[in-house]
Structures are given as C-alpha cells and as structure tokens.
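This is what each chain is made of:
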Amino acid sequence: MYLGRVIGTVVATRRYQDLDGYRFLVVQPLRHDLTPRGTAVVAVDAVQAGPGEVVFLVSSREASQALPEPFVPVDAAIVGIVDTVDLDGRGGGPDGRTQQDEPG
Amino acid sequence: MTLARVIGTVVSTVKHPDYRGLKLFVVQPVDENGRDSDASFLAVDVVQAGAGDLVLVISEGNGARQIFNKPILPIRSVVVGVVDEVHVDPGRVRPREVA
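As you go down the protein sequences, you meet chains A and B in turn. Residue 42 in the numbering used here is what sits at position 53 of the first sequence, and the numbering runs on without skipping anything. For the numbering used here, add 242 to where a residue sits in the second sequence, where the first one is 1.
If you are wondering where the hints come from, they were derived from the structure by calculation, not from laboratory data. Each hint should be verified, as a subset may be incorrect.
Stated by the list, open to error - Here chain A is said to cover these stretches of chain B; the calculated rule only asks that three of the stretch's residues, wherever they fall, bring their Cβ under 8 angstroms from a Cβ of chain A:
1. 261 to 274
2. 278 to 284
3. 289 to 303
4. 308 to 316
5. 325 to 332
All C-beta atoms in this analysis are idealised placements derived from N, C-alpha and C, irrespective of residue type, glycine included.
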C-alpha cells in the first residue's frame, strides 16, 4: 500500500465489460515526503478522490477487493484520501509542506 | 516478512470502510543491520506499535484477510510484530559482500 497524488483521469470507452461504471484516475506514486516516485499508474477510484489530492492505494488482488462487485479485473485501487502524513510527529500536509517548512 | 521501522502515520478521514478505526503507518524497510533497504510503504497496525519502533510487516492479502477474519479485504500490508532484538550470525558472509 502506498501514497500517491491524483494527476489525471482515464477514459476508455472500449473496455472489458466488468470495468464498466468505474472511474479510473492517473496517480503519481509518492514517497513518504510526498515527492514523486516511479511512474504514474492508473487506479480505480473507490473513494471519489479529486484532482491533485494525496491518496493512498492498495495494489494486486486486494485492489479488486476494494470494489462492491467481486473479481473486477483491476490491480490498483485508491482506498483513502490523505489528510496529513505525520513523519515521526512532524506533520506533512497534502501540499507537501512538512512541519519544518512552516514559516517562522 | 519485512523488517521495517515505523517512521510516520497517515491520517485519513475519507477512506474505504475496512480501513476505519485502524492506524495506518508509514514504514521504512530495513535490512538485518537496520539500514534502509527499500522504498517506504504503508501498513495497518494490529500490535499497537509506535513511531520509531522496529517492526515485522507482512505484505500479502491472504495473511491480512486471516488477521481480520474477512473474506474480502482491500488491505495487503499489516504490522504483525514489534521487534525486541535481531540476532544475525556474524560469521555468515552475505553474498553481496563478497568482493
């Protein structure tokens, strides 16, 4: 399970029928300090995440288990919208500023 | 299973119902000598670990489903132990260290 930021959406009208009705978002995986890590992935949205939001995702078979219908063929699902990432008690807000970036 | 250090906590109010009430840690995998070994990831806690703890993490869905006793569960990584000590036989030469 890992952190990511929603950077876009994917529309695929011709698709496997079990994928109908789901929203697919482009997500940039993030390190715990909210810097980008690796390549963007496409994940099914299980929590109505919005553009730019920091989210957390589950991958593999457990991604399909985030959805109401069983055995939907997806391998990445957004399962939460992040309020903050507290690093050893130092807060890291979704806009990437950690406590030490606070002015003053 | 992975040895890892708890380096942070993820706070999230809007999330899948199966994550409600669970603490979600940021964990940094370490090798047997405690050195950072891989990218950090997230794991839910079931042993009341705390920031800075060295922990044991399982990252496999079946294990998570057994822990929570649920047939359907979108959780893969779970902190299943707080490590007191790690003993490694110093005599064993690890392949990657062979010059």
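Verification of the hints:
Check on the segment 261 to 274 of chain B: 4 of its residues sit with their Cβ under 8 angstroms from a Cβ of chain A, so the three-residue criterion for coverage holds. Only residues whose beta carbon comes within less than 8 angstroms of a beta carbon in chain A count, and the segment 278 to 284 of chain B has 4; three or more means the coverage holds. Given a C-beta distance limit of less than 8 angstroms, the hint that chain A covers the segment 289 to 303 of chain B holds, as 3 residues qualify and 3 suffice. Against chain A, the segment 308 to 316 of chain B contributes 3 residues with a C-beta closer than 8 angstroms to a partner C-beta. That satisfies the three-residue criterion, and the hint holds.
Using a Cβ-Cβ cut-off of 8 angstroms, 0 residues of the segment 325 to 332 of chain B lie near chain A, which falls short of the minimum of three, so the contact claim is violated.
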